[in-house]
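A.B. asks: Here is what each chain is made of, one letter per residue.
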Amino acid sequence: MQITVTANGTEHSADVEPRTLLVDFIRSDLGLTGTHIGCDTTACGVCTVLLDGTPVKSCTVFAVQANGQSITTVEGLKQNGDLHPIQAAFKEEHGLQCGFCTPAMMLVGSKLIEDNPNPTEDEVRWAISGNLCRCTGYVNIVKSIQLAGKMAAAGGDS
Amino acid sequence: MTTTTDHHDPMTTPEVGGIGHSVKRHEDDRFIQGAGNYVDDIVLPGMLYMTLVRSPWAHATINGIDASAAEAIDGVVAVVTGELLAEYNLAWMPTMSGDTQAVLATDKVRFQGQEVAAVISTDPYVGRDGADAVVVDYDPLPPVTNPMQGLESDAPIIRTDLEDKGDNVAYEWESGDSAAVEEAFAKADRVVTLETHYPRSHPAPLETCGIVADVSPVTGQATLYMTSQAPHAHRTVFALVAGLPEQNIRIISPDLGGGFGNKVPVYPGYVVATAASLVIGKPVKWVETRYENLISTGFGRDYHMKGELAVTNKGKILGLKVDLLSDQGAFYSDAQPSKFPAGLFGIVTGSYEYPAAQVTAKGIYTNKAPGGIAYRCSFRVTEASYLIERLVQNAAYELEMDPAEFRSKNFIQADNFPYESPTGFVYDSGDYETAMRKAMDMVGYDDLRAEQAKAREEGRLIGIGMASFTEVVGAGNSQDYDILGLKMFDSAELRIHPTGKAILKLGVKAQGQGHETTFAQIVAEELGIPSSDVKVVEGDTDNTPYGLGTYASRSTPVAGAATSMVSRKVRDKARDIAAHLLEASADDLEWENGKFSVKGSPDSSVSIQDIAFAAYTNHPQGMEGGLEGVHYYDPPNMTYPFGTYIVAVEVDPGTGQWKVNRMVAVDDCGVRINPMIVDGQIQGGLTEGFAMANMQWITFDDDGNCLNAHFDNYMIPTAWETPRFELGETITPSPHHPIGAKGVGESATVGSPAAYVNAIIDALQHRGVTNIDMPVLPDRVWQALQESEG
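Chains as they are written, first to last, in this note's numbering: chain X, 1 to 158; chain B, 1 to 790.
Accuracy of the hints is not assured; some may be wrong.
Unchecked claim - Under the rule of at most 30 Å between Cα atoms (straight-line distance), these lysine-lysine pairs were calculated in the DSS-like manner:
id	chain 1	residue 1	chain 2	residue 2
1	B	Lys24	B	Lys454
2	B	Lys339	B	Lys409
3	B	Lys438	X	Lys150
4	B	Lys24	X	Lys111
Stated by the list, open to error - Have a look at the derived ranges for each label pair, beta carbon to beta carbon:
id	chain 1	residue 1	chain 2	residue 2	range
5	X	Glu11	B	Asp779	52 to 60 Å
6	X	Ser28	B	His766	36 to 44 Å
7	X	Glu11	B	Gly625	31 to 39 Å
8	X	Ala154	B	Ser532	21 to 29 Å
9	B	Ser532	X	Asp52	26 to 34 Å
10	B	Leu240	X	Ala154	27 to 35 Å
11	B	Pro94	X	Gly81	35 to 43 Å
12	B	Thr655	X	Asp52	48 to 56 Å
13	X	Thr6	B	Asp542	53 to 61 Å
14	B	Asp74	X	Gln65	42 to 50 Å
15	X	Ala154	B	Met695	53 to 61 Å
I should point out that these hints are in silico values taken from the structure, not numbers from a laboratory. All residues carry an ideal CB built from backbone N, CA and C; glycine is no exception.
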């Protein structure tokens, strides 16, 4: 089937099998390997991307379902050469270790602070509860997202 | 004796970023921009995909495999079976414990999920179609689903491949002094007994295991991009298994999405993909699904333990007796030092001083996946620490003493280090009382006890649990520690370039621990070169010195020490070059802040950067040019991190659910290279410890079906369930490590499960509950309460 998506601002058209998962389309067809795969059951969340601005687990969406929509992946967070505040904050607060869950955590976090720039710890924990991390115990991920909210509200990344 | 302090002041400026600075991680820039490079991100021209066909049965004879329907599918290139591998002598391979393991099953399958055939295809979706179309004719056999059953006289024999194997015993092992233990038990006023199962668990790093095998049909060069925590050791194993010349094997372990021990063994999938690439002449990629990861690759734990502690009525421990039954799965493949069949379980005597201990252990084959890997643990230290900390807590209840007071009475005293334990470990340094008191102060121990008493009057169940653990990490000294004969030293190679920038190459391989930052900080400390000027390279066997890899908290104790030593070698040569530049005698120079200066003339100095430039442009005649070195570090002893964790819980008597109200962790890992990273390691470990206590286990039904092979039933805590942690530290340097550091990556996983479970037992012990096996699920708590009331 022929589909057209806008990924990180660039339009792509492709012929895909109906059964192709969006995550495989993103990784293989678009070559955007910052989106990862960690389970078979929509449990781990490392494949999370923004579909028309909303976080979705891209292993549970067929590529054809994304036809006509815009996709934001981790590669699209940086704008005009500047890191997104969420990226700067994850480094600043040691919000990552192995880095495998990080792109998804940052995308979920970026959506949260867009809606709520000053989330409480519980609000952050609830927002990322669909995303697993095995390294950090979530402590510094929460701090990173809260810091990013403050940075975004202040209008910069530092 | 070493001195314990509560902090360590950095000796370097923040710009240099040596030891003690929370330097932001060098590796983060690529990860936060989605530019990490994990195995599944690697795509090579002409690459094929491998999909494994796995057994649905736990135990069954294979009558035949019909691959014709699969081979007829467009895009399926080949179907590999064990029969085909046998022609290349590759149907079986050695395990890390000297047993053998089937690569693809030929005679029978021995666990559910075992590898039976491999489909090679041009597309991964087609590979799945192909795997579904392979028809395997099985005759089911009765399975052995626990080690007790495996020991029964009429139990089915699993390892019929082993000549004359008439039972299911994988190993028997004993440590300690039985006569001394008998004497101790004869003198005891009472014996406290605990029987408990440390359940099978799985490290489940978020990245599963995988390989891209690229064997050149022209040169025979095999380049293997592998999820490997131990690339050098794996290269040697590949050379031995596949008979490939070692210089023609290059293992590249790129970014790893977590490891926790899961990426230490060599798995059948790696071997089959390599063989397929060799035969077909094209690169072959294999990446596990989560189901495959959980059902077939290295599990941890699965120890059935009985511990007996002999004590006096005054609260002194006299001796310890432990009997272990280990559920090994179908192949004995613990990745551990060869002298220690039950790993370093001998550390079970813990933080306490008493004269007698004995451990007997039996490993039993069952129809489950093999593994027994050191899941975020230094080879069975987790099981040992859990048992002694649970026993000590229960002994205190029997003696009607406070568990903290009982610990205090029995701790190895700070002035008694180095301390030789009854099972032969020589603890390097410690101050257990100080760490415990600090944790008690932080949590407000006395107030919590008062709150608990009040809550009990109201019918509420509050519990306070403690664990004062000691680990043994950093394998290790070569007279005691080897894996398959390979001694467990490790290495560092350091080159300073003309502009004063450095490249450090290591035999270890990080999986998120931040080596690219912390090892650069060690160089910064020793040479005064800013850590941001040091590039750290790991995970490429062609371009790094030999080493045994990263697991068992060994990187800092061994490769960290090697980094210090090679830096000092480089500094020695730098001194000679400095003497040449300053026209002084090398003996007249002193080293400070990255500079050599003439004693008494501080203005007459040269920086390490000046010296580096001279090493390539103006070195003394007769001296070898350049400024580099390599060091292989054979540690004199292991390091012994310790700490005290205190957990406060409230148990709901109506539902059996429990909630962590407080979690205080005081860790002592010696000198902390990067405090931010150390805290991150501890927070992650406390979460995995909580997972084991609360929800995370791999279990089987009576037919040997694995019940937890997906993330929807293998439960991992999310941010929502994970407790909040309060961290504290004491610093007792390791006396034998060049910078006084000990390993820390596993302390919290090792120490915390007992603290969580002790807290629950503490809430229930007044009703006669002395044990609930992990995971402490609500129904188990509820059941224990019903029985205690009955």
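A.B. asks: Can the suggested window of 36 to 44 Å be confirmed for the beta-carbon pair Ser28 of chain X and His766 of chain B?
C.D. replies: violated (60 Å)
A.B. asks: Straight-line Cα separation of Lys24 of chain B and Lys111 of chain X no greater than 30 Å?
C.D. replies: Holds - the C-alpha atoms of Lys111 of chain X and Lys24 of chain B are around 25 Å apart, at most 30 Å.
A.B. asks: Cβ-Cβ distance between Leu240 of chain B and Ala154 of chain X: within 27 to 35 Å?
C.D. replies: violated (59 Å)
A.B. asks: For a C-alpha distance cap of 30 Å, please report whether Lys339 of chain B and Lys409 of chain B respect it.
C.D. replies: violated (33 Å)
A.B. asks: 26 to 34 Å was suggested as the range; check whether the CB atoms of Ser532 of chain B and Asp52 of chain X agree with it.
C.D. replies: violated (40 Å)
A.B. asks: Taking 21 to 29 Å as the stated bounds, is the beta-carbon spacing between Ala154 of chain X and Ser532 of chain B within them?
C.D. replies: holds (26 Å)
A.B. asks: Do Ala154 of chain X and Met695 of chain B keep their Cβ atoms within the hinted range of 53 to 61 Å?
C.D. replies: violated (39 Å)
A.B. asks: If you draw a straight line from the CA of Lys438 of chain B to the CA of Lys150 of chain X, is it 30 Å or shorter?
C.D. replies: Violated - the C-alpha atoms of Lys150 of chain X and Lys438 of chain B are around 34 Å apart, more than 30 Å.
A.B. asks: Is the distance from the Cβ of Glu11 of chain X to the Cβ of Gly625 of chain B consistent with 31 to 39 Å?
C.D. replies: violated (56 Å)
A.B. asks: Is 35 to 43 Å right for how far apart the beta carbons of Pro94 of chain B and Gly81 of chain X are?
C.D. replies: violated (52 Å)
A.B. asks: Just to be sure I understand the hint, the distance between the Cβ atoms of Glu11 of chain X and Asp779 of chain B should be within 52 to 60 Å; is that true here?
C.D. replies: Taking Cβ atoms as reference, Glu11 of chain X and Asp779 of chain B lie about 53 Å apart, which means the hint holds.
A.B. asks: Cβ-Cβ distance between Asp74 of chain B and Gln65 of chain X: within 42 to 50 Å?
C.D. replies: violated (26 Å)
The structure shown violates the earlier hints numbered 1, 2, 3, 6, 7, 9, 10, 11, 12, 13, 14 and 15.
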